[in-house]
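Chains as they are written, first to last, in the working numbering: chain Y, 1 to 224; chain V, 1001 to 1257.
If you're looking for bench data, these hints aren't it; they were derived computationally from the structure.
This structure is a prediction, so every number in the text was calculated from the model and none was measured.
Wrong hints could be hidden among the right ones.
What the hints assert, rightly or not - Lysine to aspartate or glutamate pairs mimicking EDC-like chemistry, simulated, CA-CA at most 20 Å apart: (1) K1038/V / E1073/V; (2) K1038/V / D37/Y; (3) K215/Y / E1073/V; (4) K215/Y / E1116/V.
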Amino acid sequence: MSSNFIAVIDYGMGNLHSVASALQHIAPDAHIEVTSDVGRVRQADRVLFPGVGAIRACMGEIRRGGFDVAIADTIASGKPLLAICVGLQALMDSSEENGGVPCLAHFPGEVKGFAANAEFQIAQASAPAAERLKVPHMGWNQVRQTIDHPMWHGIPDYSRFYFVHSFCVQATDPQVVAGVCHYGIDFNAALTRANVFAVQFHPEKSAEHGLQLLKNFVSWNGRP
Amino acid sequence: MALAKRIIPCLDVDNGRVVKGVQFVDIRDAGDPVEISKRYNEQGADEITFLDITATHEARDTTVHTVEAIAAEVFIPLTVGGGIRTLEDIRRMLNAGADKVSINSAAVKNPDFVAEAAARFGSQCIVVAIDAKKVSAEGETPRWEIFTHGGRKPTGIDAVEWAVRMVNSGAGEILLTSMDRDGTKNGFDLGVTRAIADAVPVPVIASGGVGNLQHLVDGVTLGGADAVLAASIFHFGEYTVPQAKAYMRERGIEVRL
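Chain Y with its partners taken away, still in its complex shape:
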């Protein structure tokens, strides 16, 4: 067993091939395991918490598989945890998607849809017709790094990452924000507290800057 064992949590919601193969690409000596076994998640040196699809289905599978407890234990243990996309959203208090879904409440704030946001609607209405803001927010957008952090090491400020999401987060505690993005409104592209780092974009699909962020995760000691 390699000394760097990374568990990619598989709670049955879609394709984890991309993230596992990106990790293997940047860390050929690490032991990458896509697993639905909470026991393996507990044994890992670091944990990757991905997510795609609808939040209600994700939260249902997370709770059914006992991953809510495994994630809470990982956070308490001080091991580095990286959450991606719906993984980030699942760490918030709740999401208004699917009529309102309670989440894991690690970060304060609610996940909200772009389309229903009044400020977003104003931005959309004032945009030139050919620059209408489409939802989902899909494609490469810039991330402003709001703090220095080991996870941003080697990544220039305002680098572009690949996003695909219709719901977004504006955490109520500015202390947890690590990066922001603008799409009609400012929203949180990255959140962090202690050993947890969460990103709304997909590092596994974000070419060199995304791979650099994964590299940073593989060597991160879990401290700010």
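Based on the hints, put chain V in the right spot on chain Y.
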């Protein structure tokens, strides 16, 4: 800070080999989709679309292996289209490493398929491909219909109405190809591009007819497209992706450099 308009090279792949020829001067194997995808990735392409034109069902195992090989080396979004007919087809492609699948004829045959696919896999990975042809005469209000089977089979379905219906069913993106323009190098059909881009809330990829870099600009500024797809101008080395992006940026379009 703004979202970049995307440039998407498209590969036509038959039984694991790129057809329509790709002419990179220094590429080892111009027919290998993995080599070509790597090259476009290095050039800064924003996504890659892989259109499988393999005729036989048996040979689709080859496609799965090709997608796996690309996904193991290229870390930008990958869309796979062509022959996606069942939920199982989608599952196989996503498991192989595709980020999105594009559904064309199967949606026309069974409109519920897109709703089922979006419910099962999420709208973010369901692209509906629309092949449109102008059916109105000169001087009439412009009207486009969708065609299937590579543009050979008319359906009588209005293209704009169809796009709206597919988005309501759960399509997360529309890949719009003008069958009148495809292969002509005369530029996108800006009329149908604009009509659909204005009618749907999701991103629209313009395709069919790109012959020069101004066509890419027009697709965005006049057509309202969120992304532009091209094959031959990149494959034959007429232009590189960085040249296209520099040209678009000089004309005020946000691109990822």
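These are the hints, each one checked on the structure:
Our distance criterion of 20 Å between C-alpha atoms is met by K1038/V and E1073/V, whose separation comes to about 7 Å. The hinted pair formed by K1038/V and D37/Y fails the criterion: a straight-line CA distance of about 34 Å is larger than 20 Å. Distance check on the hinted pair: K215/Y and E1073/V sit about 16 Å apart at the alpha-carbon level, within 20 Å; holds. As the CA atoms of K215/Y and E1116/V are separated by approximately 37 Å, the hinted pair breaks the 20 Å bound.
Consistency note: the structure conflicts with the earlier hints numbered 2, 4.
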